[in-house]
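For the record, the sequence lines run as chains A and B.
Residues in the first sequence are numbered consecutively from 920, following the numbering used here.
Residues in the second sequence are numbered consecutively from 920, following the numbering used here.
These are computed hints drawn from the structure, not numbers from a lab.
Be aware that a few hints might be false.
Remember, identical chains collapse to one label, so a pair may be satisfied in a single copy or spanning two.
[Stated by the list, open to error] With a straight-line cut-off of 25 Å between C-alpha atoms, the simulated DSS-like cross-links for lysine-lysine are:
id: 1; residue 1: LYS987; residue 2: LYS972
id: 2; residue 1: LYS976; residue 2: LYS1352
id: 3; residue 1: LYS976; residue 2: LYS1142
id: 4; residue 1: LYS972; residue 2: LYS1283
id: 5; residue 1: LYS1352; residue 2: LYS1188
id: 6; residue 1: LYS1352; residue 2: LYS1283
id: 7; residue 1: LYS1283; residue 2: LYS1175
For reference, the chains in residue letters:
2 protein chains.
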Amino acid sequence: MTVIAAIDQELSMTEEEIREAVYGMGRAARQAAYALAVLDAEAKNVILRAMAKELRKQSAGILAENAKDVEAGAERGLSGAMLDRLRLNEARLEAVAAGVEQVANLEDPVGEVLDERTRPNGIRIEQVRVPIGVIGIVYESRPNVTSDAAVLCLKSGNATILRGGSEAIHSNRAIAAALQAGGETAGLPANAIQLIPFTDRASVQVMAGMDEYLDLIIPRGGKGLIETVVSLARMPVIKHYDGICHVYVDAEADLKMAAEIAIDSKTQKPSVCNALETLLVNEAVAEEFLPLLVAMLGDRELELRGCERTQAILGDRAKAATEEDWGTEYLDYILAVKVVGSQEGAVEHINRYGSQHTDCIVTKNAELAERFLRNVDSACVFHNVSTRFSDGEEFGFGAEIGISTDKLHARGPMALRELTSYQYRVRGEGQLKAPVG
Amino acid sequence: MTVIAAIDQELSMTEEEIREAVYGMGRAARQAAYALAVLDAEAKNVILRAMAKELRKQSAGILAENAKDVEAGAERGLSGAMLDRLRLNEARLEAVAAGVEQVANLEDPVGEVLDERTRPNGIRIEQVRVPIGVIGIVYESRPNVTSDAAVLCLKSGNATILRGGSEAIHSNRAIAAALQAGGETAGLPANAIQLIPFTDRASVQVMAGMDEYLDLIIPRGGKGLIETVVSLARMPVIKHYDGICHVYVDAEADLKMAAEIAIDSKTQKPSVCNALETLLVNEAVAEEFLPLLVAMLGDRELELRGCERTQAILGDRAKAATEEDWGTEYLDYILAVKVVGSQEGAVEHINRYGSQHTDCIVTKNAELAERFLRNVDSACVFHNVSTRFSDGEEFGFGAEIGISTDKLHARGPMALRELTSYQYRVRGEGQLKAPVG
């Protein structure tokens, strides 16, 4: 039997069986969450270090399971790039284990007092960070997400239910089992980290409806996956959609700095969500700036897609951009370029076509910069900084679970703090609203 | 033509017409939100005071419109209590206007710097409160919600799309029109406050799907309404579900204080979500406490529904509770009572049957109290304080839009701060990830 056939055989569960299995995991996760919520920072760190140790100990087994996924992927005809994303080796697995230890070294957000106040009647109100509870993560491909997501959730006191893609099912199972087993030797509550062991699509549907057990669901992957979760979910969803990021070159920009920021934002790593996609240039400097940009690009092979005015300045160097280009996240060596008449025009373009991720103004005029920062409705607004710095680690938050394009609860880089909720603890001496005679 | 017939006539819009109309309001609200986001505190307060003035100026007209709703309600056979909730008079309308002025006096949350950090590479990161954008409010009955919700959203810089119930449509239209008209004389952007002028159910469905224009939807009303919004919504929802609140009388409680807190929590105003529904009593003190409670109730007509052990102690004074009672929000002069063997038993009961709203322990033992506060997974956990204090005004937050039973973004009393998001503003001097040669 081929590996694919073996996987397909597992998919013979009925929807009712899937539902029952996933709900059972939900109930178990809720119990685990109560136990996790009261663990102190040191207890969680001991658990995390035991997990890292177990990942190293089981590395041969994990790599063997990973080989099955890679083999199945090759049978399925996955591209070389896709297979590479799927493949683990000793060095990559060591990086995963080291990542777990790094999370142990981060500060525990749980228990932080966010606000304290004493009311005239003497009651004392404390707002304290607490874990969210149970977090569902639905993701695709890369097996390292299994570990990264689970340990960030654990550090912040949350139980997880993981649902990885079928292409990495063996790797995911092996990693999740190692994390749970290693953790349990150090006091991890049972079922704190659970992976849905089958990959039928119906399991996502069941998760999305299970709002009595899942407090939050985070889809990580392509737009199709996110859309599915958004339309089905009954619990809060935190989305990590596109990064259609802009750099706006103001009339008062240092043009060399502007070209450097544009080139770094676009070409330093084009495949990531904080890479530049559309460059906006004030008409007052377009004739000087655009040729400078092209010159500074040197032999970098960057395709430019420009508006009419850009083409008039750059000639053949720029293809014609269409309306679609303004709303496209290329994730590639392609840059859309548009000449705008004013800062207002730039802001309007960004608010209309952008994805509220990260947008930058380059200018020497501080007042204009502040106006841009206030008027652009995006998670991260930058002045004279490459968009590539829009990242939890660059912001000093430690590891991040993603960059939220939502506005509620978590916006922008989402790290440990954003994996918590809060609770009001109120203490008094028998205060009543009305005397009880 | 009767009033009902007149309303029904308006309902002859096709779904497509409704969709088009609501989407048009969404687009307009988004534009208004951009304009609102940059208004400073004083500008918004001037607008709020102008709104209050206009409400007073138009009071005769508003009361005339309200009379139509009351007449239609009577035709429909609404109960006296329902008609009373619907009815406005000069005093009630004056309270609405005064409420608008009170919101003007609250502190503006927008612009507050939540976090500031400078990274080793010199970039300066500022996390600043900003408005959420456009908030949809779906509500039932009381016409004062039209004003309360709109002005809290406005103060926090948000545009609103209001969708009130058909029973109050004339009142809601008149109030929303007065708010918008009064505000515009003082600089309120057009379409900052929009009421959906028809009440077809389809409008809720359209709102729930309109995630490109609505950043948040808040359903205020019965469980059916909330369920509908939760299952349809593509954008974040903040729910204000039941308050199944508990008081747990510990073995080391001051029993007189415990009885006072139970009586105040239950009877001071039973119709609200922070009223007590289930009393849990430690078995060590049940035989002493329960008769004391009954004695202190005096001639208050409170129905008790007890577990077997409660009944054994109180005899006929307590009816038999069923499993259903533990999960019921009575909002009435009824109290469920259960004897538990330990604090763990109380916590387990609360986490299982409660609604994560407000739960209280009464005890003289501070250590046991802290354990309870940490283990109960509710928005508000109280020690020796009546549950009736679970309220935005009592917490010192000013007016509240509700008490969230969600864990994401807003938990517990939800006031101005919780009507904001945040944005990272990053300033530098041309920092790049890699040199651009």
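Now the hints, each set against the structure:
no.: 1; hint: LYS987 / LYS972; verdict: within (23 Å within a copy, 73 Å between copies)
no.: 2; hint: LYS976 / LYS1352; verdict: neither (60 Å within a copy, 36 Å between copies)
no.: 3; hint: LYS976 / LYS1142; verdict: neither (36 Å within a copy, 51 Å between copies)
no.: 4; hint: LYS972 / LYS1283; verdict: neither (51 Å within a copy, 45 Å between copies)
no.: 5; hint: LYS1352 / LYS1188; verdict: between (60 Å within a copy, 10 Å between copies)
no.: 6; hint: LYS1352 / LYS1283; verdict: between (58 Å within a copy, 20 Å between copies)
no.: 7; hint: LYS1283 / LYS1175; verdict: within (12 Å within a copy, 69 Å between copies)
Checked against the numbered hints given earlier, the structure breaks hints 2, 3 and 4 and satisfies all the rest.
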